[in-house]
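**Q** Each chain is listed here by its residues.
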Amino acid sequence: MRVALFITCLADQFYAEAGVATVRLLRALGVEVDFPKEQTCCGQPAFNAGHWKEARSLAQRTLGIFQDAEYVVLPSGSCASMVKNHYLELLPGDGEALGLSEKTYELSQFLVRVLGVTELGKGLKGKKIAYHHGCHALRELGVKEEPLLLLKNSGAEILPWEAAEECCGFGGLFSVKLPEVSLAMADRKISTLPKADALTSTDAGCLLHLTGRMGKQGRNMRVVPLATLLWEAYAG
Amino acid sequence: MQVKAKLYPKEAARLLREHPGVREAVTGATLHFEEGRKRAYQEIDAEAWRERAKRVKDHLLTHLDHYLELAEKRLQEKGVQVHWAEDPEEAHRILREIVARHGVKRVVKAKSMLTEELGVNPLLESLGVEVYETDLGEYLIQLLGEPPSHIVGPAIHLALPDIQRLFHQRFGTPLDASPEALAAVARKVLREAFLTADLGISGANFLVAETGTLALMENEGNIRLSTSLPRVHVAFVGIEKLLPRFADLALFLPLTARAATGQRLSTYVSLIQGPAKEGEEGPKEVHVVLVDHGRTSLLHDPEAWEVLRCLRCGACLNACPVYRQTGGHPYGYVYSGPIGAVLDPGLLGLEDTYPLPYASTLCGACYEACPVKIPIPKLLLTWRQRAVERGLVPTWEKGAMQAFSKVMQSPSLYRLFSKALRGLPLPQDLLPLLKAWTEGRGPLRPSPKPFHELWQELNKE
Numbered sequence: 000m001r002v003a004l005f006i007t008c009l010a011d012q013f014y015a016e017a018g019v020a021t022v023r024l025l026r027a028l029g030v031e032v033d034f035p036k037e038q039t040c041c042g043q044p045a046f047n048a049g050h051w052k053e054a055r056s057l058a059q060r061t062l063g064i065f066q067d068a069e070y071v072v073l074p075s076g077s078c079a080s081m082v083k084n085h086y087l088e089l090l091p092g093d094g095e096a097l098g099l100s101e102k103t104y105e106l107s108q109f110l111v112r113v114l115g116v117t118e119l120g121k122g123l124k125g126k127k128i129a130y131h132h133g134c135h136a137l138r139e140l141g142v143k144e145e146p147l148l149l150l151k152n153s154g155a156e157i158l159p160w161e162a163a164e165e166c167c168g169f170g171g172l173f174s175v176k177l178p179e180v181s182l183a184m185a186d187r188k189i190s191t192l193p194k195a196d197a198l199t200s201t202d203a204g205c206l207l208h209l210t211g212r213m214g215k216q217g218r219n220m221r222v223v224p225l226a227t228l229l230w231e232a233y234a235g
Numbered sequence: 000m001q002v003k004a005k006l007y008p009k010e011a012a013r014l015l016r017e018h019p020g021v022r023e024a025v026t027g028a029t030l031h032f033e034e035g036r037k038r039a040y041q042e043i044d045a046e047a048w049r050e051r052a053k054r055v056k057d058h059l060l061t062h063l064d065h066y067l068e069l070a071e072k073r074l075q076e077k078g079v080q081v082h083w084a085e086d087p088e089e090a091h092r093i094l095r096e097i098v099a100r101h102g103v104k105r106v107v108k109a110k111s112m113l114t115e116e117l118g119v120n121p122l123l124e125s126l127g128v129e130v131y132e133t134d135l136g137e138y139l140i141q142l143l144g145e146p147p148s149h150i151v152g153p154a155i156h157l158a159l160p161d162i163q164r165l166f167h168q169r170f171g172t173p174l175d176a177s178p179e180a181l182a183a184v185a186r187k188v189l190r191e192a193f194l195t196a197d198l199g200i201s202g203a204n205f206l207v208a209e210t211g212t213l214a215l216m217e218n219e220g221n222i223r224l225s226t227s228l229p230r231v232h233v234a235f236v237g238i239e240k241l242l243p244r245f246a247d248l249a250l251f252l253p254l255t256a257r258a259a260t261g262q263r264l265s266t267y268v269s270l271i272q273g274p275a276k277e278g279e280e281g282p283k284e285v286h287v288v289l290v291d292h293g294r295t296s297l298l299h300d301p302e303a304w305e306v307l308r309c310l311r312c313g314a315c316l317n318a319c320p321v322y323r324q325t326g327g328h329p330y331g332y333v334y335s336g337p338i339g340a341v342l343d344p345g346l347l348g349l350e351d352t353y354p355l356p357y358a359s360t361l362c363g364a365c366y367e368a369c370p371v372k373i374p375i376p377k378l379l380l381t382w383r384q385r386a387v388e389r390g391l392v393p394t395w396e397k398g399a400m401q402a403f404s405k406v407m408q409s410p411s412l413y414r415l416f417s418k419a420l421r422g423l424p425l426p427q428d429l430l431p432l433l434k435a436w437t438e439g440r441g442p443l444r445p446s447p448k449p450f451h452e453l454w455q456e457l458n459k460e
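So the protein sequences, as listed, match chains P and W. The numbering of the first sequence is numbering that gives the first Met the number 0, which starts it at 0 and goes up by one. The numbering of the second sequence is numbering that gives the first Met the number 0, which starts it at 0 and goes up by one.
These are calculated hints, taken from the structure and not from any lab test. This one's a predicted model, so the numbers in the text were calculated from it and none came from an experiment. Be careful, since some hints might not be right.
To be verified - Stretch-level coverage of chain W by chain P, calculated; a stretch enters the list once three of its residues show a Cβ under 8 Å from a Cβ in chain P:
id	stretch
1	160-168
2	346-360
3	411-420
Ideal Cβ placement from N, Cα and C applies to all residues, glycine included.
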């Protein structure tokens, strides 16, 4: 089985370790991994802000890059949903977009639904984890149980968090168009955050936003992409 | 009502800075409602109810001409006087005539977002008529001279001390008066108004075309009093509020209650079947004003019409983490939150409401809450796309998007950008975009090396 990794621009720049973890984990599970070098951004920032001309051209080039892949895996829920769901709206009736949609997965979704893996190892034994459900993973991809299952089965405890399914306030361009509202939303997440060994999520944007805000408030907690934790679960 | 939607970004920021108590009050109340809604949806096959309600509304909206004529006929058969108002001016003319004919001096009003839309209160006041809002929340904001901040809970932004202060100034109650004591004061004032008013004004949750029945839902009993005690009743009804059949109420009344407040049914449901007959109690004259005010043109918009399914339950407001930070006032119009962000541009035009479709992170919580499955995130994207096409977004955003697209189109430019991000820490604050980011979150900290460089090393493993 061969997977083409779509690292996504945000993870490429800010969470490179999530990419490394994804590659190591997939290889360890017997999957061959390609990394098409031409890849950049899926176009989501432009799409969400209404700049569909720009988004469409980025979608088209992404289609070309991943056309021949067997599977496309992203360590991101929102970029995976962009490719899987929104390319079909940007390029209605496009057979290639449909083809790409059908073979695109967020990492934990791929592990559980395609590989049928639900246990990676016991590397997270005793760790208390706060899990932030990225909105697009949760509500657009329906990825809810997969990450929790993988974390729990590796010995981690998922802490109850009343705001776990609430939006963190990142929202792409929203975070700079309406910064005050965006930060108030982050503050609600952070003020309800349980005392955990690590805060994790599928999405780099949410983590970047929450880490920055927590740092600003002098709140110390390890904030780490899900892919990194899943690799730790495997490698111990 | 005056439209101040263009000021949304500034007003939202100002409110958060100057009135932090509003955020607390709104968050507390909406989380409570949202919890109730979730529980109420879990008790039923919510997906099936919502899908059914969506289909009924879609049928209605795609046959609206037929059902409007049927409703008019049935209402007239019951002795109700039917009026058609295309815009607020026509609605005003109709109301002015009724007020003049009956020599109306005092009006009791049931909470109605449509009458806020039409500016009914300012009109009546200009005619020298005394107006009493009789929904407790609506009465509070009337005393404060504020517009509603939530479709269902118009005073959701107020905390108990705000109300204690208000009543202290108005009625001389002690500053620590209990909620029960405050309600008793309001009740006394409103009782007197109910008994002496010449005219009752209401909206309607539904108007059944098949039977000409007005359906009104409430928890306080004020709507029943407003529509039954005065000798004349005028109901303003948006043309999208119709239902085809009487039996549809069996779905829509409980679904609306579950979505709005988590109740199985509202405490009171009034089904109004026309004026009182000889020997019966109740208004001798009932008027229904069917109001368009932008709805027909919105119905003809193939990409945006679905918002007309809206039941005004407020569930999307309660579910929305953006709305929750500020309440409804910064949105600058009657309809705020997610529904306002897709309804206001449709009713008023995008030019006057441009920032509202951007008042969302596209988190999708509104769609999950909506009892008639309005695809709010999809509609937000439609309006955003139009904002870009019509040149309404700021110049910096357009420039930034073009630059972004250019960089992302070219792997070599992308690699240059990647180096610049790591090599040039200082100019970051010069860019307004980055400044907006870093002010609340500190500087951006890229990984020491981007993944596309690490990939080479990984391949040697």
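**Q** Can you confirm whether chain P covers the stretch 160-168 of chain W, using C-beta to C-beta distances below 8 Å and requiring at least three such residues?
**A** Violated: only 0 residues of the stretch 160-168 of chain W have a Cβ under 8 Å from chain P.
**Q** Given that the stretch 411-420 of chain W was listed as covered by chain P, double-check it with a C-beta distance under 8 Å for 3 or more residues.
**A** Contact hint for the stretch 411-420 of chain W vs chain P: holds, 3 residues under 8 Å.
**Q** Taking a Cβ-Cβ distance under 8 Å as contact, does the stretch 346-360 of chain W have three or more residues in contact with chain P?
**A** Per the Cβ count (5), the hint holds.
Violation of the numbered hints given earlier is confined to hint 1; every other hint is satisfied by the structure.
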